[in-house]
Each structure stands twice: as structure tokens, then as C-alpha cells.
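Chains as they are written, first to last, in the UniProt record's numbering: chain A, 1 to 288; chain B, 1 to 584.
One thing to keep in mind: the hints can contain errors.
No farther apart than 20 angstroms at their CA atoms in a straight line, the calculated lysine to aspartate or glutamate pairs in the EDC-like style are these [said to hold, decoys possible]:
1. B:Lys22 / A:Glu213
2. A:Lys188 / A:Asp251
3. B:Lys97 / B:Asp147
4. B:Lys424 / A:Glu6
5. B:Lys241 / A:Asp251
6. A:Lys212 / A:Glu238
7. B:Lys377 / A:Asp276
8. B:Lys238 / A:Asp251
9. B:Lys384 / A:Asp251
Hints listed in this document are in silico derivations from the structure and should not be mistaken for laboratory results.
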Amino acid sequence: MATVKEFRNNVRPNWCPGCGDFAVQASMQRALGNLNLEPENVALISGIGCSGRISGYLNVYGFHGVHGRSLPIAQGVKLANRNLTVLASGGDGDGFGIGLGHFMHAVRRNMDITYVVMDNQIYGLTKGQHSPTSAFGFKAKTTPAGNIENAVSPLQIALSAGITYLAQGFSSDVNQLTELIQGGIEHKGFSLINVFSPCVTYNKVNTYEWFKEHTVSLDQFPDYDPTNRAAAIAKVMETDGLCTGLIFKDDKKPVFEDLLQNYPQEAYLNTKLEMDQGLFDELMKEFA
Amino acid sequence: MLQELSWKVGGQQGEGIDSTGKTFATSLNRMGYYIYSYRHFSSRIKGGHTNDKVRVSTTQKHSSADYLDILVAFDQETIDLNAYELRKGGVVIGDAKFNPVLPENTAGDVLLFAIPFTKIAEQNGAAIMKNMVALGATAFVMGLSPDFCTPVLQSLFGRKSQKIVEQNQAAVLAGYEAMKAQNVSFPDFALAPPTPSDHLLMIGNDAVAFGAIAAGVRVMPAYPITPASDVMEYLIKKLPKVGGVVVQTEDEIAALNMTIGASYAGARTLTATSGPGFSLMMEALGLAGMTEQPVVIVDTQRGGPSTGLPTKHEQSDMYQAMFGTHGEIQKIVLTPATAEECFYAAVNAFNYAEIYQCPVIIMTDLALSLASQSVEKFSLDQVKIDRGLLATQEQLAQIGPGQLFKRFERTENGVSPRVFPGQKGGIHHVTGVEHNEIGRPDEGTANHVQMMKKRLNKFEGSELPNSTSYEGDQHPDVLLIGVGSSIGPISEATVRLRKHGVRVGHAHVHVISPFPVASLQSYMDRAKQVIVFESNATGQLYHLMQFFGLKHSEFSSQLKFDGTPFLPKEIEAHVKGSMIAWQR
Chain A
1 MATVKEFRNN VRPNWCPGCG DFAVQASMQR ALGNLNLEPE NVALISGIGC
51 SGRISGYLNV YGFHGVHGRS LPIAQGVKLA NRNLTVLASG GDGDGFGIGL
101 GHFMHAVRRN MDITYVVMDN QIYGLTKGQH SPTSAFGFKA KTTPAGNIEN
151 AVSPLQIALS AGITYLAQGF SSDVNQLTEL IQGGIEHKGF SLINVFSPCV
201 TYNKVNTYEW FKEHTVSLDQ FPDYDPTNRA AAIAKVMETD GLCTGLIFKD
251 DKKPVFEDLL QNYPQEAYLN TKLEMDQGLF DELMKEFA
Chain B
1 MLQELSWKVG GQQGEGIDST GKTFATSLNR MGYYIYSYRH FSSRIKGGHT
51 NDKVRVSTTQ KHSSADYLDI LVAFDQETID LNAYELRKGG VVIGDAKFNP
101 VLPENTAGDV LLFAIPFTKI AEQNGAAIMK NMVALGATAF VMGLSPDFCT
151 PVLQSLFGRK SQKIVEQNQA AVLAGYEAMK AQNVSFPDFA LAPPTPSDHL
201 LMIGNDAVAF GAIAAGVRVM PAYPITPASD VMEYLIKKLP KVGGVVVQTE
251 DEIAALNMTI GASYAGARTL TATSGPGFSL MMEALGLAGM TEQPVVIVDT
301 QRGGPSTGLP TKHEQSDMYQ AMFGTHGEIQ KIVLTPATAE ECFYAAVNAF
351 NYAEIYQCPV IIMTDLALSL ASQSVEKFSL DQVKIDRGLL ATQEQLAQIG
401 PGQLFKRFER TENGVSPRVF PGQKGGIHHV TGVEHNEIGR PDEGTANHVQ
451 MMKKRLNKFE GSELPNSTSY EGDQHPDVLL IGVGSSIGPI SEATVRLRKH
501 GVRVGHAHVH VISPFPVASL QSYMDRAKQV IVFESNATGQ LYHLMQFFGL
551 KHSEFSSQLK FDGTPFLPKE IEAHVKGSMI AWQR
């Protein structure tokens, strides 16, 4: 049985001191440890940006791909071996800018993948440009007079596209975040855990203090029903996308893998690839 | 008795032209004749002229005929656009419904028959069977039995209902009788009997897809695009039989990234696309090269640039396949020439991808991917699966806790053992960023140089087996060089020219990366003159040859880029002309 310790490696992240991403890394490690998963059975696929480096900071099979494409790679991994615990990860630019199309379609496809986005409302690695989740009016290197585009609402998009597990966390609350990620991994289907993960170097607006002031924990609402999609959309709109906790969950929707005809339980790696002469002849006959 | 006959059916798209041609071709293929059938179609669904030109021969052909013996027309446009192809004494059979007339320049040279296709079809049940009436009329002209297509009708409609089979048969017979009633005999149109043979009939796309499934492909993420979609459509039907899966992705970018993910996790996987989609894949292609993931990409070239000519033939993706993606990666580019070769190229592609751990591109062209051609039966005995260098259990057992596997170990030949997620002891990191042996980012100067060499030097300048083929005179006055589907027309021109006493050689290129420098140079050294034939506007193969240092004092390029493939007579004429010029 693996513990949290076994998901740690000795690589020092190149994140700035105080970066929110450290909490995401710790929460992921704790979630995997709590679930007693074996490190070799976990694949973490990431995109590009500060957040994308996370695939190298956990002791699991890590794949650091190209900008915005972590979800297609993760889905390929899952298809090849459905027994793996597949995590995908990246930032708001990666996931909701260049990768927004893939995100919508991954939600729609509903493979059993857990997607953790580190949302800091800014581009960090390229040194401070505005991101798709930067608020209207937000000033950054590429919006010196204030952002004149509206922010993407990942939560609303996810709910509208039919997501089956949606949560939002905050780097200041590792306990809640661990629980949300754990819930996402346990959920059979596609899950998004959007995490407010402040960039202490470039985003001087959306700071830890700002989030503490503006986020609304869903734990405050004992009557809140996370299985009601319409209520979830209403709550997200009402809180201007700043609610934290488990927002929505649908356990009934079948996953993509289960809908495939003849799809094996085993990894393709362990199945026979050679074709039988009988099937070969049958296929050839159709061209006669 | 004819050794071969060329037949064409034409009409508006959506009128069943394709199925008419297919029924005709399949029926004659089953009788033992060899078929080459090329479809002309436009980039729209309904309406617009379309035709299917079918060459029937007693020997195998990989090209359309230069001329036409019989033209079946469902509208006047078909006659106006295609009558010029008819040989002297050729026959046009048109639907009486549109009062067919011959263009002035053909009158007197060809015969026209107006047969009430539609009316006869209606009398036999339904107007849509007019194509069956046309097949019956064709059968009479060719001296075939009116039952010639019954077995194919049986396989097409037998499962639906016997009544439909009978109705179609009756329509064929009625067409046969209507032609017979014209009281003209056609002794010049009878085909010599075929040598008994049970060859298959398929398009290159089907052959690639069939080869891939025989090679053990299990995951295919792809996005539809002409002329590649059939690869995906075939696998959607057949992959579930072996537990495999096809995902129609949101775009080509997702398709290749998903392919990379599946390969990383141990599946044999491919994607298929055409030029514009291949362009979208360039970033992921670099990732596959950098991370040494075996992926197979089928690129069915069509007319470019941009969306260009989606339904027309061209061979203009060579530069993209050779040099595409930023930076420098090693890749293999296979360029099969026939449908049969497509099958084995697919099998080899998966082996090469895993042996060399790099992307492999199977590059076809529209004529090869979509033309139906007779193919000798494939042999499963020739399908061997080689998964390349995999980490052994012993190697993995030696990896201590906290230690990472050297997935990118610097070995003699640059190939390092693979492990897959799920394997204990194999944990390592993979990244598109320059990395060290365990996959950690490393921008060090020495590391980058060593890793570049590791990735690029896997072939050491060697040629893959059967990278080129050669036929004709060993010391030719003229050497003809081509790639892809032009093997048919070049080969025929070679045979004809040699019959006329010209010393001709034909070298064909079946792999462009690694570029077969040595074998091509050896053919060129023996020739007095070299001409490269290719279907593009700038001479990509010609320039690639020079890029790789191939030299000859009489070296020229002949291009065709009007959207149609070369015909044998065009190559023959060019060679004759160039010989005169050269001898002067």
C-alpha cells in the first residue's frame, strides 16, 4: 500500500516561493496516498506553463506535453490502458485558452479522467500577460489599459457541456482541495477541479487575500444539492464563479470506455495483437 | 478479342454513379479480370459532374487507360465533358430521356445509342435502377452474359431482400435486351477470357486500414477529411472485432496528441489525415519526435495549397512530410505505390515506429488512396509484429525505490528500452522540453548535443529495405523516376517505349525518409538521361534528390499539377520529345 510519501520525488519545483501550485502538488500527493494507489499505476499528463511542470514533481508516470493538449494526450493514455488512474493538469491559459476546445470535448466524451487546473488568472511563465480567466478591466502586460475581453467561466462551460464531476478549490485550503481531488479520482467519469492558485509574482490583484475575501464556500449552504445541474449553474452565476467545494456530481452517466463495443478490461499492452487467420480471411473476403 | 477495355460512367453527383462503377468493376474483378478504377468527383455532395473510369484488363494495371471504349452517360454534360476520350469506333450509351447528342468534333468517329434507361427502370420497379439498365446495355456491347453482375447484386442486396435482387437483375436484363434491339453487333468490344484468379479489389485507403489492423493497431483517433476518411471509416467498422477503438476527435491536433498518449501507454495506434490536417499536426509531430513515441500517421495527399483541391490528385506534401515541424526530428516517410503495397507498408510502419521509436508517415496520394485496383490476396504469414526494444522484467526489478528508469538512455544506436505506465520500476518523466536520460528537463549544452544526436542518428544513413524498385534496361538512355501512384503510368510508358526500341529504365521511390540516396545514385550513374515525373508544381522529389546530393549531367523534371494523375501516353510523349531534344 502506497502512502503520500511514495508520491513524492526529490525534484525541487521551479515555482516561485509562495506559488499556489505547491498546494496543488501537495493535495494531489495526499489524494493519491489516501486512495492507496500505487505510483506506477498513475499517469499525470500536463500542458505547458508553470503549472505544466507538475508532471515532473510527483513520483508517478509523468508526461509533459505541448501547450493546451494535455487532455487529448490523457485520453489517449486512458484508451490504451483503462486500468490506469489518469490525471491531467495545467493552467488557465493552457486549459481555457489554447486548450478550451479540447476541454469542451473531453467533458462531452466523459472518459474517466481527473483534470486539475491551476487557475491564477494570468500567464506566469511568459511573464505576466492576461489570461482567458483574467477579469474584465484587469491590467496586465498585454492589457495596459485594462482587459476589454470578458473572462471565460470554466465552471459554467463545464456544466453546460455536461460535466459529471465539478469542483473548485483554493490553494489556501489544502484539506478541502485534497478532498475534492480525491473525490474527482474516485468519480467514474470526467472531473474538473478548478483551483484558485495565486501567482504571487505577476498577479497583484487576485492574491491569497483577495480570494479569501471573495470566495464563497458551498459548505455554508446545507441545502445545496450538488446533483442538480440547474441549481449548480445558478449557484455558479450567483457567486460569479467564486464558489468553492463540490459544485456538481452525476454518478449515473456512463463513461466513454463502458460504451465502446468489445472494449477490453485489460490494457492493450497485455492483449494479443496478432490477428487470427479466420478473421483475416473474413476481412479479405469482403474485398472479393 | 481485346486484352483490355476502358469504360466510363458519368452523371450528376448523388445519382449513383459510384455504385454503378463499383458494381461493374467488382463483377469483372470476380470474373478474374484485373481492374483499375478512378473516380472523378467534385467537392460537393449532390450535383456537379462525376464519373468513374474503369479499366478492365487480362493483366494487372495500376493506371487509367489513355482512351475510352465505352461511355455511359446519364446526362448530356457527361458526353460534352468526356467524349474526347473515346477512341475511334468507341460507343456512347446515353439515357434517351435527355436526347443525347454527340459533340461536333466526335461525330462520325464514335457511335451513339440512346437507350431509355430511366423509362425501362421505371417499368421494372423504380427509376433509381437506371444504372442497372445501363449495366445491361454495357454487357451486350461487351458480349458479356446479362448475369455478369448477379453475384455482386446478391452480395449487395441479398441480405435486404431477394425481391430487390430480382428487380435489379430484371433491370439489367431489360437493358441488355434494349441494346440488343438496336440490331448492331459489337465484335470489336469482346474481351479475351480472363486467366482464373481470385484477386481482391480495393482502394489504397482500405488496404492501409486493413494492414494496420493486421499489424495490431488498437487505437485510432482521427478527424474526417477527404481523401483520408475511408481509413477511419473502415477501422470504425472493423476495430471492435479485435477490441480496438476509433475516436472521432474534435480536430487533427487532438487526433495526433491522443495518438501519442495511446502510444505512450503501450497501444499500437495511428491517425489518418490529408494535407491541411497534417499541417495542424505539426506541433504534435515534433512532440512525438522529441519524446521518441512510435506513432503512425497516414497522409493521403490531395491538391493544395491550403484547402486547395480537396477531391483532386496531387503529390505536394513531400516537403511537409520531410521537413515539417519546427526544430529537427527524425522520422520515416513511406510512399507506397500500389494498394497491395499500402497493406504491407502499414504493417512495416508499425514495426519501424516501434523499432526506431519515431513517427512514421505513410504518405499516399489521392489516386492511390481512392482508386480501386485489383490486388493479389494478402498473406498473414508475411505479417510479423516487432515491438522493438522493451525493458525486461529483470531490468525493471533492478530499479530501486525512488530511482527513475532511464527511458532515454544514451545507447549505441540511439534506441532505448521502452516502458509503459502501469509497469513497476519504470517510472520516469517524459517531456517535449530537452531532457536527460530519465526525462528531466536539461538545457545543458552537452546534454542537448548528445540527445539531438541520439534522436537523429538512429538510421546512420542506411536505407530501409525496398526503398526503391527498378525495371527496364540496366543501362538506359532514359531513366524515369517517380513516386506513389505514378508507378502505373510510368511503368506502362516504359514498356511501350522499350517496345519501340528505346532503352528505358524506371526507378520508383517507395521511401523518402531516410532518403534512398545510394540506390538512386546507382541507377542514375548507369543512365544517359534522367527525368523525374511528379504531380506538383515545383518539382519536390526532383529538388529533394538534389538536396540529398544526387547528381546527373542530364537531369530534368516533368510536372503535372492540373488535379489529375499522369496517363501513360503523357509520359511516353514527354520521353519521346525529350529524347529528340537531348539527342540534338
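Results for each hint:
Of the pairs offered as hints, the one joining lysine 22 of chain B and glutamate 213 of chain A is violated, with about 71 angstroms between alpha carbons and a cut-off of 20 angstroms exceeded. With a C-alpha separation of about 7 angstroms, the suggested pair lysine 188 of chain A and aspartate 251 of chain A falls inside the 20 angstroms cut-off, and the hint holds. For the hint pairing lysine 97 of chain B with aspartate 147 of chain B, the CA-to-CA distance comes to about 25 angstroms; that exceeds 20 angstroms, so the pair is violated. A distance of roughly 13 angstroms separates the Cα atoms of lysine 424 of chain B and glutamate 6 of chain A; the hinted pair therefore holds under the 20 angstroms criterion.
With a C-alpha separation of about 30 angstroms, the suggested pairing of lysine 241 of chain B with aspartate 251 of chain A is violated against the 20 angstroms cut-off. A C-alpha spacing of about 17 angstroms is found between lysine 212 of chain A and glutamate 238 of chain A, which places the hinted pair at or below 20 angstroms, so the restraint holds. In summary, the hint linking lysine 377 of chain B to aspartate 276 of chain A is supported, as the alpha carbons are separated by about 16 angstroms, within the 20 angstroms threshold. Our distance criterion of 20 angstroms between C-alpha atoms is broken by lysine 238 of chain B and aspartate 251 of chain A, whose separation comes to about 31 angstroms.
Restraint check: the Cα-Cα separation between lysine 384 of chain B and aspartate 251 of chain A comes to about 44 angstroms, which exceeds 20 angstroms; the hinted pair is violated.
The structure is inconsistent with the numbered hints 1, 3, 5, 8, 9, although it conforms to all the rest.
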